[in-house]
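Work out the full structure: start from the sequences and follow the hints.
Number of protein chains: 2
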Amino acid sequence: MNIDNIVSPTLILDKKKCLNNIRLMSEKAKKHKLIFRPHFKTHQSRTIGKWYKKSGVNKITVSSLHMAEYFANDDWKDITVAFPVNIREIDTINSLAEEIQLNLTIENTESVAILNKKLKFEVGFFIKIDTGYKRTGISFDIFLTIDKILKLASESNKLVFKGFLSHAGNTYKAKNTSEIIEIHKDSLYKLSLLRKQYIEKYPDLLMSTGDTPSCSIADNFEGIDEIRPGNFVFYDLMQYQLGSCNLEQIATIMACPVVSKHSERKEIIIHGGGVHFSKELINIGNKNIYGKLVHFNKEGWTEADQDQYLVKLSQEHGTLQVSDELFDIIEIGELIGIIPVHSCLTANLMKEYLSTDDDVIDHLSGNNI
Amino acid sequence: MNIDNIVSPTLILDKKKCLNNIRLMSEKAKKHKLIFRPHFKTHQSRTIGKWYKKSGVNKITVSSLHMAEYFANDDWKDITVAFPVNIREIDTINSLAEEIQLNLTIENTESVAILNKKLKFEVGFFIKIDTGYKRTGISFDIFLTIDKILKLASESNKLVFKGFLSHAGNTYKAKNTSEIIEIHKDSLYKLSLLRKQYIEKYPDLLMSTGDTPSCSIADNFEGIDEIRPGNFVFYDLMQYQLGSCNLEQIATIMACPVVSKHSERKEIIIHGGGVHFSKELINIGNKNIYGKLVHFNKEGWTEADQDQYLVKLSQEHGTLQVSDELFDIIEIGELIGIIPVHSCLTANLMKEYLSTDDDVIDHLSGNNI
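So the sequences go chain by chain: Z and D. Counting in this note's numbering, the first sequence runs from 2 upward without gaps. Counting in this note's numbering, the second sequence runs from 2 upward without gaps.
Heads up, a few of these hints could be off.
For identical chains, the list gives no copy identity; a pair is met inside one copy or between any two copies.
As the list claims (entries may be wrong) - In silico DSBU-like pairs for lysine-lysine, Cα to Cα no more than 35 Å straight-line: (1) Lys267 with Lys176; (2) Lys119 with Lys60; (3) Lys29 with Lys299; (4) Lys51 with Lys159; (5) Lys135 with Lys186; (6) Lys267 with Lys159; (7) Lys135 with Lys267; (8) Lys352 with Lys288; (9) Lys352 with Lys55; (10) Lys197 with Lys313; (11) Lys29 with Lys55; (12) Lys149 with Lys267; (13) Lys313 with Lys118; (14) Lys119 with Lys299; (15) Lys352 with Lys51; (16) Lys313 with Lys176.
Keep in mind that the hints were calculated from the coordinates and are not lab data.
Okay, here's the thing in structure tokens:
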């Protein structure tokens, strides 16, 4: 790749690595006979969407109706919005439901009551189930609430029950891969109880799950019909720390110009701050870490010999703490590569990718007003 | 204002409060005979820029050349880029320098050497001084490095020395307003030593400083010629916590739809996450806080009776922890207001404002590739 023309913070995408990540997860889904409905909130790119389509994917997940519209307008016909339905957006729901197979996520009767009144076209719906993350969803064992939702929804001829949807986001707090496996197993067990309760009445019900750590690490998906991982398409430093991937699988890095060096602190100042990386951080050795240094090479980038981290971020500045040796080598005006902590948020800020083949790749941009 | 039409996360701007913030800071600058060169990285808006222009401002600060271009194209003729010069962007520097009074920030001889070779038009430059923040800049007492920069720059007929620029960003770590005043006083003292050293040789040199906490709280600017605060135009929860403003001065809030309620945890789930607020946080009572609840009224919003905070953020979800009383009142489908922790980063993500007078107000959007 030619980095000479890069003058300001730029998000670099290695297409080969990205395609490989897609291929591996597709194969895993196939092996376990799972519907593969990848989450597109990570890349938010029509181009990358096409790479998925080429690999056989025709059902996708998004996290907002805005994103659903963006991909529906690019010919995606089966979209699940894995976010509690926002009834203020009923007009968008109706216009999408007229065109595509739209699946909503429901976790309370209040939303169902409004949908019953205002839906003009058929939509599928999943009931959001909490298996321990405690962010959204009905606890897997509160059948009373689930029954209420199903009963109320059955009064509408527009709401078609599809199944149960969960997200074991608690894997992101795991200390190691065995803890991830434990959380995943626990989640499978809870979902199996739920399935047992409803499968007779709803023989076609789908059990949908799929955080990236579980989908990457686990090899048992018993009782699951569909997975929805998203981040694996790029991975990032957080996923590497969790054990979801190795460093070579990470498909996006930031390219940032070096603007200053401070020898007394062995700190390198780059153009690359919170408006580029986001302020997502991980903890390594009790330090806040915002990214990890890599070196550019002809094909893309390669890991640095030692661990060198981005340790501070303000709006436009990033501070990289490096070894004495590296401090002397890095030059002002040079371009350095940084693996971001959270690729979804970084991509969402950068709004565009430059591939290692020097192609510009799109990302959903703009706003909603 | 009419919030009925708001269906998804929206950044609301109270123009009156914003104009009042501009007026107060302008008056303070006038009172102390300071050049008022506000930082536009907070709002990144041509419309808000015009409000400044109307109040008499004709010199501005930005934090990237991209932003400098955006405002130069809107007829701003005197722009300081308060970020260590990025020599990879020499072409943009030259094209801007041809059109406007462009001032760069320099803190090393390496950049000067390149500028000497490649500058085609005259630019002003400030030497970045560190008075204790330890992010960028040359320590105020390292005259040797400053002299080297001045000597090398004097070999070019394109580089015009303007003065010294500092940013006491360490005020953001202050525990109370008296600590902010102490840091500000310390910074003034250090800058006065620097001024004494160079004023004879450079009688026109300007001392430029101005973080929002100091500019809001301090009332002594002895030895300073120019201030560059930015955030005060909106303020935010972080500035309120620091003591820079009262709650009524905060001019932007996020409007977010309520999508779910979890009674066992007294948690309200809103559409409004890291891609709307940013992941900037403050600490209140040992808890991570991402925003503070306010209530909408006819004119805009009003403070909630009790402190209710946004306590968790993921990509699209926000979790608000509320009192039993409020939990019962807030309804699914309702729109609630949240003061963001860091208005600059929130505005940078939202890319647009809706004013309480129902006008859509622009924000710099897009990317650089």
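Problem set entry | Ascending list of hint numbers which this structure does not respect | As far as the earlier hints go, not one is violated by this structure.
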